[in-house]
Amino acid sequence: MLGAAIVTVTGNREAFIENYKGILEYTTESIVLQGKNTKICFEGSSLSIDYYTNEDMKISGKIDALRYL
Amino acid sequence: MLHWIQYIRGYVAVRVWGYSVERLLNLCGNHDILVWDIEDHGDYHTMRMSIAGFFALKPLLKKTGTRAAVLHRYGLPFFVSKMQKRKLFVAGLFLCILFWSLASRCIWDIRIEGNYALTEDVLMEYLQEQGVHTAMKKSDLQIEALEQALRKDYDLITWTSLQLQGTTLLVRIKENEMPVYDDPKGESAVRGMDLVAERDGVVTYIITRSGVPLVSCGDSVKAGDVLVSGAIPVYNEDTTVRRYQYVEADADILLRYTEQVSLEASVAYQEKCYTGEKLDIPVLGAGSKEITLRLFGIPYDLYDTSEEKKQVKLLDHLYLPLFYGQKTVQEYELAAKAHTDEEMKTLLQEEWRKNISTLLEKGVQITEKNVTIKKNDEKWVLYANMQLEESAVKLLPTATEPVEEPEEETQSDQTRAVILKGGAWERLQSV
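First to last, the sequence lines map onto chains S and F.
Count along the first sequence from 1, then add 90; that gives the number in my numbering.
Count along the second sequence from 1, then add 27; that gives the number in my numbering.
No lab work stands behind these hints: they were computed from the structure.
Keep in mind that this is a model prediction, so the values were computed, not measured.
The beta carbon of each residue, even a glycine, is placed where N, CA and C say it ideally should be.
Chain F side only, calculated, beta carbon under 7 Å to chain S, not exhaustive:
#	residue
1	Leu52
2	Asn53
3	Leu61
4	Ile65
Based on the provided sequences and hints, a complete structural model is requested.
So, in structure tokens, the structure goes:
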């Protein structure tokens with residue numbers, strides 16, 4: 091599907107997201123990203139962004155839930 | 028790898044706070060500013076970005092209503108600018124690196140292992156002759172050639188291994204445990220060796236093992252006379268010499284000769300009496316120059332000086348031309364004294380005993396001795412008339428020239444002639 095975000099989660103410690111539009115919210119408990127049609131919400135604790143570019147980003151921390159809003 | 032690139036290009040840790048950090052991040056993404064290690068600390072965020080990224084951040088900060096402050100600078104560009112304030116330190120650092128890299132190209136220590144009969148001094152001297160010494164360049168060292176030269180120049184060495192361990196040259200050798208004999212096909216066997224008298228004397232004993240003895244017991248000989256010839260003649264039927272067979276002459280020979288010895292000792296002598304006054308002066312030296320750490324001269328007329336110096340060394344063998352030590356100056360006075368008769372006797376006896384023991388050490392036998400002592404007030408003189416026996420001979424290449432040998436052809440003709448003669452004789456008998 092053209093323009094859909096790709097989320098790769100490794101265990102509950104790392105997530106790798108490509109093809110997103112932007113970041114909406116960032117705290118240690120939750121990170122909300124804007125996809126093409128939907129929002130992607132990571133919930134957990136001590137979340138941090140390892141790196142952040144226009145194309146992709148990497149989140150690490152303890153991920154409890156991944157929700158599409 | 029990525030870390031290295033980041034380090035070389037330099038990066039900063041930034042603290043960001045304000046209205047919407049998320050929006051700032053989005054804008055960073057859109058403006059191709061790479062940010063990493065983004066952490067949320069509640070009321071502020073920290074993140075890292077490149078130097079160029081930080082400069083491009085300013086308009087974005089204004090747009091999003093956030094503020095940023097540099098927490099830490101990382102990387103080479105910051106390091107260099109820091110070091111520009113410490114030029115001497117950097118220069119020292121580079122000099123240090125230069126020194127070590129130059130020094131590590133040289134040999135600073137030579138160790139020798141496995142030598143028993145050959146002393147370390149001998150081998151060190153040999154290496155020195157071959158141009159191998161401490162502080163030489165490693166690249167000038169030709170290990171293969173040196174190994175071969177060692178084996179070639181010392182028959183005793185049967186195996187060599189040279190190894191560079193860092194700046195240490197390790198020379199390992201194996202010595203031949205079997206004794207080395209002279210080559211039997213050497214010059215002596217080809218040409219023959221004569222036994223020649225080393226001094227004038229009378230032959231008192233001669234037992235020849237090989238060669239032709241030219242003298243017998245009782246003959247008197249002069250130095251240089253041939254005693255046993257190394258050329259054994261092979262005669263023709265007409266007693267002319269056909270040729271010589273050359274051997275190395277070997278014989279036990281004793282030559283008797285007389286020798287006069289005179290030893291003297293004077294009665295009066297001067298004795299050193301140390302007054303007990305002495306000075307210890309520290310000494311420093313570099314090369315052949317020396318500095319004594321004393322402002323004034325030495326206040327004694329007569330004095331003995333003894334010096335104890337130590338050389339500064341690095342590692343085990345690398346001696347620097349620097350010395351330190353102590354000079355001890357002891358004052359003495361001279362007192363004129365005279366030996367008593369008893370003392371004179373022991374003095375002369377001691378001298379005489381030394382004289383004899385040196386003779387005995389040389390393998391000289393004393394067959395007769397006649398000792399007289401003449402005394403006067405000033406000195407005593409010991410005259411000795413000795414008859415000595417000594418194996419005073421040496422080996423020299425034989426002086427006897429080879430004789431032109433008749434050709435093989437004529438020899439067989441002669442033999443045939445004899446056989447014919449024999450046959451003719453038999454025939455004569457049968458008739």
